[in-house]
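Protein chains in written order, with our numbering: chain A, 46 to 364; chain B, 2 to 313.
The hints are simulated quantities; they were obtained by calculation from the structure and are not laboratory data.
Positions of the beta carbon are idealized from the N, C-alpha and C atoms, including for glycine.
A few of these clues could be false.
Said to hold, decoys possible - Dumping the calculated DMTMM-like pairs for lysine to aspartate or glutamate here, alpha-carbon to alpha-carbon at most 20 Å:
| no. | chain 1 | residue 1 | chain 2 | residue 2 |
| --- | --- | --- | --- | --- |
| 1 | B | K235 | A | D201 |
| 2 | B | K87 | B | E63 |
| 3 | B | K261 | B | D302 |
| 4 | A | K134 | B | D252 |
| 5 | B | K256 | A | D201 |
| 6 | B | K261 | A | E198 |
| 7 | B | K107 | B | D89 |
| 8 | B | K75 | A | E192 |
| 9 | B | K106 | B | D89 |
| 10 | B | K256 | A | E198 |
| 11 | B | K301 | A | E198 |
| 12 | B | K290 | B | D134 |
| 13 | B | K290 | B | D89 |
| 14 | B | K212 | A | D86 |
| 15 | B | K280 | B | E50 |
| 16 | B | K235 | A | D86 |
To be verified - Far from chain A by the CB rule (all over 12 Å, computed), these chain B residues:
| no. | residue |
| --- | --- |
| 17 | D169 |
| 18 | V292 |
| 19 | D302 |
| 20 | A303 |
Stated by the list, open to error - Listed below are several chain A residues computed to face chain B (Cβ distance under 10 Å; list not exhaustive):
| no. | residue |
| --- | --- |
| 21 | N90 |
| 22 | E192 |
| 23 | S286 |
| 24 | G292 |
| 25 | V293 |
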Amino acid sequence: MTETSNKPFLVKFARDYGIGVALALEIVFFSLLSPYFFTADNLLNVSLQISITAIIAAGMTFVILTAGIDLSVGSVVALVGVIGTSLLKVDFPLPFAFALTILAGLLLGLCSGTVAGYFITKFSITPFIVTLALMTIWRGAAFMYTEGRPIWELPDAFNFLGSGRFVGIPIPTIIMVIVYLIAYVVLTRMRFGRYVYAVGGNIEAARLAGVKTHRVLIQVYMICGALSALSGLLLASRMSSGQPNAGVGYELDVIAATVVGGTSLSGGRGSVAGTFIGSVLIGVLRNGLNLMNVGSYVQQVVVGAVILLAVMLDQWRRK
Amino acid sequence: MKRTVVAIVVFLSTIFLFGSCAKKEEKKQGKVIGVSLLARAHIFYRDLEEGLKQEAAKEHYELIITSADFDLGKQIAQIEDFVTRKVDAIIVCPVDSKGIGPGIKKANEANIPVFTADIAAHEGNVVSHIASDNVAGGRLAGEYLGKILNGKGSVAIINHPMVTSVLDRVQGFKDALAKYPGITIVADVGGDGVRDKAMQVAADILQAHPKLDGIFGINDDSALGALDAARQFKRTNLVIIGYDATPPAVDAITKGSSLKADVIQYPTKIGITTIAKIKDHFAGVQVPKVVPVEVGIVDKDALVKNSTNTDK
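Construct all of the structure, not just a fragment, from the sequences and the given hints.
Below, the structure written as structure tokens:
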């Protein structure tokens with residue numbers, strides 16, 4: 046590693062700030078190519094668009110840090126969306142119906158995470174299989190619950206959660222920022238955060254050191270479930286309806302954002318800050334391609350290639 | 002308690018079974034047609050079934066109507082049952098265009114003519130496929146948009162180019178707009194036909210085209226997603242056209258939102274046409290491989306008129 050100092054400054058810089066540099070390049074690129082990209086309005090639009098998956102990605106980072114995976118997130122989004130919105134139709138005074146919707150939605154997410162964590166720890170089934178099963182179970186449940194139809198005609202006040210603004214900033218964007226700040230503090234400043242890294246780095250060593258590894262594992266899935274539920278509520282509010290087919294494929298978007306952000310699928314390494322940049326990178330890419338009117342076939346290819354490139358860059362940086 | 006319930010259920014179903022068998026025996030003279038619908042819960046298929054029944058009653062055909070409930074295995078089993086019972090023709094609304102192949106081939110081996118309604122099959126020998134004319138539907142949407150914009154402006158398409166019927170809709174839409182040189186299609190992006198994705202891409206389109214005049218959503222979820230995005234940016238002067246006239250879309254149209262009109266399919270007509278084509282086939286008349294069924298377009302005026310009619 047002694048040769049490092051001989052490398053040109055730019056190479057060194059790119060190496061040290063890999064993903065951030067990629068994001069900066071992307072932003073410059075789209076700013077030059079589309080006059081609509083670098084406007085306050087569009088940047089707020091991007092922040093609103095990424096908020097749904099980025100909030101889930103924060104939870105997914107906890108899970109992936111323990112070397113796990115959660116494929117059920119998109120289905121949780123749909124199930125919470127339809128059950129939450131259906132509770133708004135209960136004949137309660139509006140504030141109570143609201144509280145019920147949000148509490149029940151978040152509780153549902155926590156339950157999903159608990160079930161996942163329980164099967165993973167108590168029966169030693171790999172997280173991939175457990176959450177794959179939950180993914181189809183929750184999706185089916187959402188379709189059963191609604192008989193395949195969306196739930197709509199919701200009270201207008203519910204729209205505020207997803208479409209409202211506070212000093213010009215969309216509410217989901219604000220919630221996303223709060224979620225990331227909390228997640229950052231938990232992972233870097235709190236004991237639980239250190240346990241998460243320890244379990245992901247070497248679960249046996251963590252157990253021998255006295256960490257209640259099963260408990261930590263169940264808790265990370267609960268966090269991921271609750272954050273998926275939160276996203277589900279925000280999405281339902283933005284669409285002012287509960288859609289049983291919402292959130293299809295979210296798990297892949299979320300995992301991509303997490304991995305692009307430098308979190309290792311084998312656990313123990315990564316950060317929510319990275320995940321945030323990863324989410325922005327993919328969100329900006331999608332937005333930019335749409336602004337430039339790139340067709341959807343081409344977009345899929347480009348997004349895949351950028352994911353590969355970003356992870357490659359990250360690997361190169363670590364060497 | 003539990004035993005009593007079980008006993009009653011068994012008793013009732015036995016009676017039901019005997020009852021239906023007895024009925025079948027007595028009018029075996031006419032032609033018998035086996036029907037496997039995609040689902041019975043959906044209003045579209047209920048209307049289609051109604052059309053089948055209407056026309057079959059006229060021709061004195063006996064229909065055996067079953068529903069696959071989105072289960073391919075169940076649908077193939079239903080076709081096998083029809084083959085065993087030696088029905089004179091089979092109508093299928095395939096659960097899966099490719100997966101239904103083996104079922105249709107079994108009917109082919111038994112020389113029973115197969116007709117598909119609404120959804121096509123990619124494998125096996127089908128006498129005729131009867132479905133909504135998606136090209137015409139897209140054309141109606143294009144013409145409506147052309148007229149309402151007075152032949153000027155820029156429009157976008159929320160597409161889902163992975164599906165054949167959608168490609169047809171978009172083709173028709175573009176054909177119609179070709180007659181309006183003052184209208185340009187400035188964006189054509191994929192929204193996967195679901196509301197959340199459609200909302201995201203529509204938001205991007207609205208950003209890129211601050212002066213956009215119209216959006217065509219290839220189904221109602223796409224159109225409603227565009228409507229969500231339009232509301233987010235307070236773009237009230239936009240004209241959005243949807244497809245299918247589902248209840249949420251009808252509601253948005255009648256409430257006077259930016260969603261102005263919807264292409265509507267006539268499933269009852271699909272049912273009637275299907276039986277008519279089977280009749281032709283029985284009579285030895287050559288039936289075309291694909292029979293398009295007309296579609297319509299409804300806007301606020303049409304919907305209000307309709308609802309007052311039905312209220313009477």
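Now for the hints, and whether the structure bears them out:
no. : hint              : in the structure
1   : B:K235 <-> A:D201 : holds, 15 Å
2   : B:K87 <-> B:E63   : holds, 13 Å
3   : B:K261 <-> B:D302 : holds, 10 Å
4   : A:K134 <-> B:D252 : holds, 17 Å
5   : B:K256 <-> A:D201 : holds, 14 Å
6   : B:K261 <-> A:E198 : holds, 18 Å
7   : B:K107 <-> B:D89  : holds, 14 Å
8   : B:K75 <-> A:E192  : holds, 19 Å
9   : B:K106 <-> B:D89  : holds, 15 Å
10  : B:K256 <-> A:E198 : holds, 12 Å
11  : B:K301 <-> A:E198 : holds, 18 Å
12  : B:K290 <-> B:D134 : holds, 14 Å
13  : B:K290 <-> B:D89  : holds, 19 Å
14  : B:K212 <-> A:D86  : holds, 15 Å
15  : B:K280 <-> B:E50  : holds, 17 Å
16  : B:K235 <-> A:D86  : holds, 13 Å
17  : D169              : holds, 17 Å
18  : V292              : holds, 28 Å
19  : D302              : holds, 22 Å
20  : A303              : holds, 21 Å
21  : N90               : holds, 6 Å
22  : E192              : holds, 6 Å
23  : S286              : holds, 7 Å
24  : G292              : holds, 7 Å
25  : V293              : holds, 7 Å
This entry satisfies every hint, going by the numbered hints stated previously.
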